[in-house]
Structures are given as C-alpha cells and as structure tokens.
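> Start from the sequences and build out the full structure, keeping to the hints where you can.
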Amino acid sequence: MISDRAIERLRAAAAWPALDQRYEITGTAGHGGMGTVYIARDHVLDRDVAVKVLDVADVNGSRAARLRREAGILARLDHPGIVPVHDAGMLEDGRAFYVMKLVKGRRLDEVIAERRPLADRLTLFNRILDAMAFAHAHDIVHRDLKPENVMVGGFGEVYVMDWGVAQDGAADGEQTIVGTPGFMPPEQEHGGGVDRRADIFALGALLELLVNEDPSAALRAIATKARHADPDARYQSVEALSADLARFRNQDPVDAYQESSSERVIRLYRRYELPTLLLLAYVVMRLALLAWRGI
Amino acid sequence: MSFPATRLSVVERTRSGDAATRRLALAAIIDGYWKPAYKYLRLKWSLDPEAAADLTQEFFTSTLEKDVIGRYDPARSRFRTYLRLCLDGFASNARKAEGRLKRGGGVHVVPLDFETAEGEMASHEPAVSADVDELFYREWVRELLERSVADLKRHADTAGRPVMFEVFARYDLMEDGAERPTYTAIAAALNLTAATVTNHLAAMRKEFRKIVLERLRELTSSDEEWEAEAAKLFGKPSR
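Protein chains in written order, with our numbering: chain W, 1 to 295; chain U, 1 to 239.
Since the hints were made in silico from the structure, they are not lab data. Ideal Cβ placement from N, Cα and C applies to all residues, glycine included. Warning: the hint list may mix true and false statements.
The calculated EDC-like cross-link candidates involving lysine to aspartate or glutamate, where the alpha carbons are at most 20 Å apart (straight line), are [unchecked claim]:
1) U:Lys206 / W:Asp168
2) W:Lys101 / W:Glu24
3) U:Lys210 / U:Glu225
4) U:Lys210 / W:Asp195
Quick list of simulated restraints, FRET-style, between CB atoms [claimed, not checked]:
5) W:Asp20 / U:Thr184: 19 to 29 Å
6) W:Ser260 / U:Lys232: 54 to 64 Å
7) U:Ala188 / W:Gly191: 25 to 35 Å
8) U:Ala228 / W:Gly153: 33 to 43 Å
9) U:Arg180 / W:Glu239: 49 to 59 Å
Laid out in structure tokens, this is it:
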C-alpha cells in the first residue's frame, strides 16, 4: 500500500504541468482556489518566473476563461504595484496557464506582524493605494484585497496579487459571492453588485490592521470611514482616501474626524514643533535677560 | 484535447437498459470502492478483519439487491459521500443486530481480495482521522492512485519501455524518508542521459495524469462531479 506521503508525491506528479521546454518547473510557490503557482526557470530569458496553472481543465471552460481573463487584466494593468504578466497559453491536457514575474518577498500579513514604524507602514499602504487607484482608473475592481494578496519586496516595493475574481467594468446584476470575510463589504457579502467602493472597504480593513496599535484617533477614523457599512458613507474614491491620509501625514485636519480644541492645539504643536520650540526658547532667553538686567 | 470527452458516467450506466452495460458499471463501482469501504470499516468502525470483510461483502451485495446506486441523487451529495453515508448506515444497522459484526456468513457474491487489503494496512498503518469523510476520502484516493500506478506500469511494459516507468518510480515513488534522487543520479543508475530522464519523467507524468483522470470517471457520477473531484485531487495538498 502506498503511504500517505507517497499519496502527496503522486498527487503532485499528476498535477505537474507539462510546459514546453522554455519553462522548467523548479518548485511550488503556492496553491490558490483554482490553480497552483509554480516557480519555473525561463530558459529563453534566463530568469526565474512564476507560472499559474489550473488544477484541472474544466468541462465547460469557465475556469480557463477566468484564468485567461485574469491574465488579460494583469496585462492591461501595467503598473509597478501590480505583478506583470509575461506569457499565457494552454497545456496539451487542456489546462490554461499564464507566466508572470516571480515576486520575491513576504506577504503583507507577515510584514504587519513585524511592527514596523508607523511611517513605514503608511508608506507601504500608500503604494497599495497607488496600485488600486490605477486599477480603478482602468475600471477594474479587485474584490479580494487582503493581506495575503499583497506582497512586499525586499526594497519595500509592493505588489497587489491575485486578480482572479476581479470585476472588469460595471457590475451586472446579482453576482457570485466572492471575497474574504472581514475584507468584503456587506453589499459584496450579500451577493449584490459592487463597485470600486468595495475595494475601498477592503483598503479600510487593511489600514485598520496596519495602524492597529497607533493611538491616533484621526488615523483610526480614516480606516473606519473607509470601511463604513454604507458605501455612500465611505470615501468615494481611492484618491479621496489617499488625500485624507496625506492630510494626516501633514498634520492637517482630516475629513474623517472632527477634532476637539485640545486635539487641535496638540496637532498644531506637532505640526509646528520646531518653530514653536524656537519661539519658546527665544521668549525664555528674553525673560532671562530681562531678569538678569533687573538684578 | 483538453479533457476526457463528456460521456455517460458510471452511475448513469448502472441505469442502462442494456444488462451487460449495467453489470459492467456495477462491477466498476464495486471494484473502485470496495477497498476504501473495507479499510474504512476497519478504521472508523474498529471492526476486526473478518467482520470488516463480511460487512463489506454484505454491503455491496445489499447495494446491488436494493438498487442503492439507482437511488443516488447527485443534487444532494457527491457519489463517494453518498456511498460512505450508505456504508455508515449499513454498519450502524448491522451493529444494532447483535452478532452480525462478529461472525461471517454473508453470501460472497463479489470476489474481493481482503487478504491483500489487510496486508496493505499492516505495511502502512494509516492514521485514523477524526473527520470521517476525510478518512474515507484518503483511502479512496490511495486506491485510485495505486491502481493508476499499476496501469502506468502496464502501459510502459506494453509499449516495451519499462525503463520509463522505472524513472517515474525512482523519482516520484521513492520510499518515505529517502531523499529524492537527482536526474543525474537516476541517469547514471539506469545508464541514460539526464535529458532522457527528464523526457521520460515528463512523458510518464502526463500519462499518469491521463490514467488518473480516466479512472476518476469510473468513480464519479457526472462531469461536474468528476471535475470537482479532480480539482480536489490536484489542488491544495490536504496536509
């Protein structure tokens, strides 16, 4: 009888994709809902690539169509924050595949666990915002944005991955429920039509994770507004979210939060910390001088 | 060609008007399912070999007599889950009828090689999973892959290329704990070039996948179920 471990080896052997001689499979990068991502050597361009291959050639061709659609979306979204696609095709056994850049790095959830400084985390988030704004400008809604679908490279570069359930164009009536609980808005959970504001909800959930331990009420309010249950109450575009976040970084008042007088004083002090300190030092010195002369 | 062409599933063939087709389809189902059923009874129901063998025989006899397969509704579950649930019900009823599980006496209408099945279990004692469906599934996959490996060997032998199977066996079927050999090591051992080893391995894996998918046809009730089972089999590893 073959052992449990042999079963796994045989399953992998049967799933192994017979690509042409250009690509030599060297390992497995991960498994998704409908396919496996392999690491391969591209012998023509002498570089490592990632190859996403369907686990099975489906009877009605819907999985193949989805994979091809995903590759097409990636090809359209030529942006530094979105993984580029190099090639696409069909195996002899009918499984669709596409070849993309092999992203070397770690998933955002692993990076979050590192507790990097807030400024670093916000820089990463801004790069995600840039990629998503670009996708939305091309009428693409990701629909499954979550930490596991964002890769962070060694130089802090960010790649938004896994566009397999992305919506291309306007929603068309009732839809299949796709997405991940906690990162998908109520309208998506209920299978209704979604628009780019569904991604803004997911961005809010990502921001909440990224700034989880930061005490700033304004920053938390930005995340809360982005992931509001009512799409009309969220930021209406990635640019609006990005602008409010920029205001926070510049220590300007943000749209998402009504600050109190004391908070305003503290914020202004932080924003003008150096001039305020210089002014205070000047006043102290003048007073000291006056006092010395008085003596 | 992408996938095996749509054709009547094995379950549909059990409803055929032609007696020979019906008989062959039922034989195919029993052939593919008896060993997982036997091992499931041994592990999940903690039956001794004799009781498990008797109950397996009785279950498939009863399945034929009472047209259990004819009552299968694909809208409610996968075929393998349906058979497993039927088996659970059958074992439960048998346990209630005191003594039936302890003593043989069932009419053995289907020749099943329980000694082999028992020997297999002794050589690789499978871990008992808490998830009963997973337990049955694992034995079902084991049987499917084992038979597919045998088919692959037969295919290579028939083609007069046993060395191709030898390459596959050395690379994909090595012993647990053994380090996977390199292509160069296999090439040296079999007096081949490394390029030949990669070509043989690629050809054998392709053929193996084809055989597994064909065998899977005999174990599922529809194209949709076949596709779902294939996706589960080739998708994310279970552990």
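> Run every hint past the structure and note whether it holds.
Comparing the hints with the structure gives:
| no. | hint | result |
| --- | --- | --- |
| 1 | U:Lys206 / W:Asp168 | violated, 35 Å |
| 2 | W:Lys101 / W:Glu24 | holds, 15 Å |
| 3 | U:Lys210 / U:Glu225 | holds, 17 Å |
| 4 | U:Lys210 / W:Asp195 | violated, 42 Å |
| 5 | W:Asp20 / U:Thr184: 19 to 29 Å | holds, 23 Å |
| 6 | W:Ser260 / U:Lys232: 54 to 64 Å | holds, 56 Å |
| 7 | U:Ala188 / W:Gly191: 25 to 35 Å | violated, 59 Å |
| 8 | U:Ala228 / W:Gly153: 33 to 43 Å | holds, 36 Å |
| 9 | U:Arg180 / W:Glu239: 49 to 59 Å | holds, 52 Å |
When each numbered hint is compared with the structure, violations occur for hints 1, 4 and 7.
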